[in-house]
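Colleague: In case you want the letters, here they are:
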Amino acid sequence: MNRTQNPGPRADRPRARGALRLAPALALSLALAAAPLAADDAVDPDVARLQAELGRLDADAQLAGMGELERLKALQAVQALDGARSRERPGLVYIAEQRVRAAAAAAQADALAAQSAALDRERDQILVEASRREADRARREADRLRTQALARQEEAARLAEEAALERTARAETFALAERAQAEAEQARRLAATREREAALAREEAELASALVAEAMAADAPLPPSRQVGGATVYTLAGSAFPSGRATLTTEANASLRRLAMEIGGRAVQVVGFTDSQGSASANAALSKRRAEAVAAILKESGASGRITTDGRGAADPVADNGTPEGRARNRRVEITVQ
Amino acid sequence: MTRSALAGLAVGLLAAMLLAACASVPPPTAQIDAADRAVRAADALQPRGPAQQALAEARQRLGAARDAANRGRNADALAAAQQAEAAAAHAAAEARRAALEAEVDSKAARNADLRRRLLIQGD
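Those protein sequences? They're chains A and B, same order as listed.
Just so you know, we're using this note's numbering here: the first sequence kicks off at 1 and counts up by one.
Just so you know, we're using this note's numbering here: the second sequence kicks off at 1 and counts up by one.
Just so you know, the hints here were simulated from the structure itself, not pulled from any lab data.
Hints may contain errors.
[Stated by the list, open to error] Partial pick of chain B residues on the chain A-facing surface, computed with a CB cut under 7 Å:
#1 25
#2 45
#3 79
#4 83
#5 87
#6 89
#7 93
#8 96
#9 103
#10 104
#11 111
#12 113
#13 115
#14 116
#15 120
None of these values were measured; they are calculated from a predicted model.
Every residue gets a Cβ at the ideal spot worked out from N, C-alpha and C, and that includes glycine.
Given these sequences and hints, build the entire structure.
Modeller: See below:
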């Protein structure tokens, strides 16, 4: 900055020789020294320039009130130019320029400091807002969790209630089943009791019928008999069986029971015969069934010896099969008691 | 009074004025110290750019002030010390402005990042 270089004063050396020639120079120096005083009313371009810079700084609304101390120093430095002697002027202009620039930089620095503080406040507001939002979020999360927990509690209560209802229903079902089972058991016992009663009744009936049969047997006549060698042959007439059947009549049954009591433990041979009507094989089978029916009655009525049976059909007739009376005599069962 | 006598009187008057001027300015020790403190303070701000240039000028004028003081040229030393202090003040103000500019840029970026992370993403 050449224009601000302080050229530095140089003292003129008085010279003895040609001193008279210095008189006009002294006058000129005095005149120059007096020149600023004479030019007070003239506009100093440096002062005008620097004052304009300060004016622009003052006019900047964004920098209002900023760098006040530096502005004051700059103004004083500019004002110091007024009345400055010429040899001091370049240095004072330099100082004024530096002060004006320092004032502008200080004002801008103050504005930046205010902006920095505002940014700090903004940061604080951001953090506060973030904290508030975080708190809101945490509150919402807590509400959500609380609602969720409440829903779970309600669900658990509902499930517990359902389980209790199910247990109750199961218990009721179990009780019903037990009751039904008890009723079934009772019915079964009742049926068994009735069955036993029926069995007893049957036994009583059978006993009564046996007693009757026994009573009838005691009074019944023995079948007609004949002696053949050492054995006794009893002949059960053909009228003891209906025609074509092996079922004994009541009278024949009683007669056989009476005979069984007589036989006791002796051996017995039972042989059945038919008349000549019908086929031989049918007659043989019918005579065999009749012999077996007689043997069965003898055995259950007390004959305890060996009993053999045979069926001979129409063989060995004892009468003429040409007449009804003869065929009735041929239908017979012969009981040989040894 | 002769012409030579008048010339001698003028020379004597001028020499007397110059001697009076030199004798009226005491050594500007305080001003040089103040300029030195101002230069150190500005230097502590680690100036860059225009501030660095102003600080260089301040140092140069502070050296000139000390040199003039050593030579007994107190008026020159005083002027140079005042110029050095003004340049150092300019350098300090520029350095402070630059530092605050960087600080504002950094804080603005920080706030934008905070807003993005905490208020935009976090919401």
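Colleague: All the hints need checking, so say for each whether the structure fits it.
Modeller: We went through each hint and held it up to the structure:
For residue 25 of chain B, the shortest C-beta to C-beta distance to chain A is roughly 11 Å, which exceeds 7 Å, and the interface hint is violated. At its closest, the beta carbon of residue 45 of chain B sits 11 Å from a beta carbon of chain A; the interface hint therefore is violated under the 7 Å criterion. Checking residue 79 of chain B against chain A: minimum C-beta separation of about 4 Å stays under 7 Å; hint holds. Nearest Cβ of chain A to the Cβ of residue 83 of chain B: about 5 Å, under the 7 Å cut. The hint holds.
The interface hint given for residue 87 of chain B is met, as the beta carbon of that residue sits about 5 Å from the closest beta carbon of chain A, less than 7 Å. For residue 89 of chain B, the interface hint holds, since its Cβ comes within 7 Å of a Cβ in chain A; the closest pair sits about 5 Å apart. At its closest, the beta carbon of residue 93 of chain B sits 4 Å from a beta carbon of chain A; the interface hint therefore holds under the 7 Å criterion. The interface hint given for residue 96 of chain B holds, since its Cβ lies 4 Å from the closest Cβ of chain A, which is under the 7 Å cut-off.
Using the Cβ-Cβ criterion of 7 Å, the hint placing residue 103 of chain B at the interface with chain A is satisfied: the shortest such distance is roughly 5 Å. A least Cβ separation of about 5 Å between residue 104 of chain B and chain A falls short of the 7 Å threshold, and the interface hint therefore holds. This hint holds: residue 111 of chain B has a C-beta 5 Å from the nearest C-beta of chain A, less than the 7 Å allowed. Hint status for residue 113 of chain B relative to chain A: violated, with the closest Cβ pair at about 10 Å, above 7 Å.
For the restraint placing residue 115 of chain B at the interface with chain A, the shortest Cβ-Cβ distance is roughly 6 Å, inside the 7 Å limit, so the hint holds. Residue-level restraint check for residue 116 of chain B is violated (minimum Cβ-Cβ distance to chain A is 10 Å; threshold 7 Å). Proximity of residue 120 of chain B to chain A is violated relative to the hint, the smallest CB-CB distance being about 10 Å (cut-off 7 Å).
Violated hints, listed in ascending order, are 1, 2, 12, 14 and 15; each of the other numbered hints is respected by the structure.
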